[in-house]
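Could you put together the complete structure from these sequences and hints?
Chain order of the listed sequences is L and F. The first sequence stops at residue 233 when you use our numbering, and every number in between is there. The second sequence stops at residue 1222 when you use our numbering, and every number in between is there.
Incorrect hints may appear among the rest.
To be verified - Dumping the calculated SDA-like pairs for lysine to any residue here, alpha-carbon to alpha-carbon at most 25 Å:
| no. | chain 1 | residue 1 | chain 2 | residue 2 |
| --- | --- | --- | --- | --- |
| 1 | L | 72 | F | 1137 |
| 2 | F | 1082 | L | 219 |
| 3 | F | 1149 | L | 145 |
| 4 | F | 1082 | L | 37 |
| 5 | L | 72 | F | 1129 |
| 6 | F | 1149 | L | 126 |
| 7 | F | 1165 | F | 1193 |
| 8 | F | 1082 | L | 168 |
| 9 | L | 164 | F | 1094 |
Quick caveat, the hints were computed from the structure, so don't treat them as lab data.
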Amino acid sequence: MLKFIDTVGEAVAGIKDGSTVMIGGFGNAGQPFELIDALMDCGAKDLTVVNNNAGQGDQGLALLIKEGRVRKMICSFPRQSDSWHFDAKYHAGEIELELVPQGNLAERIRAAGAGIGGFFTPTGYGTTLAEGKESRFLDGKWQVFETPIHADVALIKALKADGKGNLVYRKTARNFGPIMAAAAKHTIVQVSEIVPTGSLDPENVVTPGIYVNSVVRVGSAGGGVGTSTEKVA
Amino acid sequence: MSTQTSIQTSEKPLGRDELAQLVARDIAPGSFVNLGIGQPTLVSNYLTEEQNITLHTENGMLGMGPAAEGDDIDGDLINAGKIPVTELPGASYFHHADSFAIMRGGHLDICVLGAFQVSATGDLANWHTGAPDAIPAVGGAMDLATGAKDVFVMMTLLTREGVSKLVEQCTYPLTGVGCVTRVYTDKAVFLTGPHGVTVRETFGCTFEEIQELVPLPLKKAE
Chain L
1 MLKFIDTVGE AVAGIKDGST VMIGGFGNAG QPFELIDALM DCGAKDLTVV NNNAGQGDQG
61 LALLIKEGRV RKMICSFPRQ SDSWHFDAKY HAGEIELELV PQGNLAERIR AAGAGIGGFF
121 TPTGYGTTLA EGKESRFLDG KWQVFETPIH ADVALIKALK ADGKGNLVYR KTARNFGPIM
181 AAAAKHTIVQ VSEIVPTGSL DPENVVTPGI YVNSVVRVGS AGGGVGTSTE KVA
Chain F
1001 MSTQTSIQTS EKPLGRDELA QLVARDIAPG SFVNLGIGQP TLVSNYLTEE QNITLHTENG
1061 MLGMGPAAEG DDIDGDLINA GKIPVTELPG ASYFHHADSF AIMRGGHLDI CVLGAFQVSA
1121 TGDLANWHTG APDAIPAVGG AMDLATGAKD VFVMMTLLTR EGVSKLVEQC TYPLTGVGCV
1181 TRVYTDKAVF LTGPHGVTVR ETFGCTFEEI QELVPLPLKK AE
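Below you can see the structure in the form of structure tokens.
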């Protein structure tokens, strides 16, 4: 049942220790900073986090990792010039890493939402990231078996939600949002604007409300450039 | 026979920008192209309007424009290197699974990537040095290497130590098997594939000098 929630704190209050949490965003674009900060404040620990990266600088996911709340990262690109908190935990042996090629990460998330039990993909064949996985020669090429990634919770960011929870995104901030919304048991969305039902063109809805459980408005209602603009500096 | 014909097309080795210009010139009009992070990004500076090239960025966009500056910088509009970019008329946005379906599904004509090593049969190593203390990070490299119809590599032919990066077999961890079709270097352009390596042209040296640098049998383009 869809709920509109007043604060990010209430939105994440149900997240339990040991949960698998998908977090949208590619770099800072589409990263739901306010929901991540609320997850930090709510105290949930021993988390498995699914995100493309492993936190940047001293904000968002990076802080969650710094505070030792993340047991395992599933991501494609943990090493960046400013991923010092992940780097430190990794070298100290205090965080587990499952490294997944970015397209396999996306497709494994998509598969979970689509009820697919696994799939064969050519990406990664013959590399160390395919070691221990079944390979078959299919459709003219070698392909590797990959399994879906499910989650208890997804935290994502969209531009607007209507009263049915239908979502539209903004530019490349869309990235993992739609597939994570479908893959998680409980999807929490932060939006810049909540608009009346009927005001989004049904032809342009990107994520249908059936995938959305909780919506919380963050920042100014103006929408426009979106809150991530200031975070990029 | 063909040994009488020189395939040297420049008196000096090519600089990074000259190489980017050459790659840009070789991209067929109307192509859909993904330019990897780093040196390949320079190629976009030399694509002409007449070529009508559509650039793809794996974080969910076709029709990417040049890097954004000043007031055009928008945190919601970035490329795969997380650099603010612009959108061109006719651009489209899509989610990550669709974006990688575009790659994996063979819809991109050309992908241009950097490399640590390329093998005689077009194996690519460009994601990990294999050093025990290095944190592995792959991003979209394996997907790009696997999906595009043509994979062009841009790199210097030699390492800082003077060792050829075009090798019989890669010693660095692989990104993809048999995927590279062309290698653009400062000293020569190589065509790779199941039938061996052909030198298309050389810069600042002769075919014979290239053969001395590269530890595998090379053919000269006719």
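Verification of the hints:
1. At most 25 Å may separate the alpha-carbon atoms for a hinted pair to count; residue 72 (chain L) and residue 1137 (chain F) meet this at roughly 15 Å.
2. Taking the CA atoms of residue 1082 (chain F) and residue 219 (chain L), the gap is near 23 Å; set against the 25 Å cutoff, the hint holds.
3. Between residue 1149 (chain F) and residue 145 (chain L) the CA atoms are separated by roughly 22 Å; this keeps the pair inside 25 Å, and the hint holds.
4. Taking the CA atoms of residue 1082 (chain F) and residue 37 (chain L), the gap is about 22 Å. The hint holds against a cut of 25 Å.
5. With a C-alpha separation of about 23 Å, the suggested pairing of residue 72 (chain L) with residue 1129 (chain F) holds against the 25 Å cut-off.
6. For the suggested pair residue 1149 (chain F) and residue 126 (chain L), the alpha carbons sit about 19 Å apart, so the restraint of at most 25 Å is met.
7. Between residue 1165 (chain F) and residue 1193 (chain F) the alpha-carbon distance is near 16 Å, which keeps this suggested pair within the 25 Å criterion.
8. Distance check on the hinted pair: residue 1082 (chain F) and residue 168 (chain L) sit about 22 Å apart at the alpha-carbon level, within 25 Å; holds.
9. Using a Cα cut-off of 25 Å, the hinted pair residue 164 (chain L) and residue 1094 (chain F) holds, with the two alpha carbons roughly 22 Å apart.
Of the numbered hints stated above, none is contradicted by the structure.
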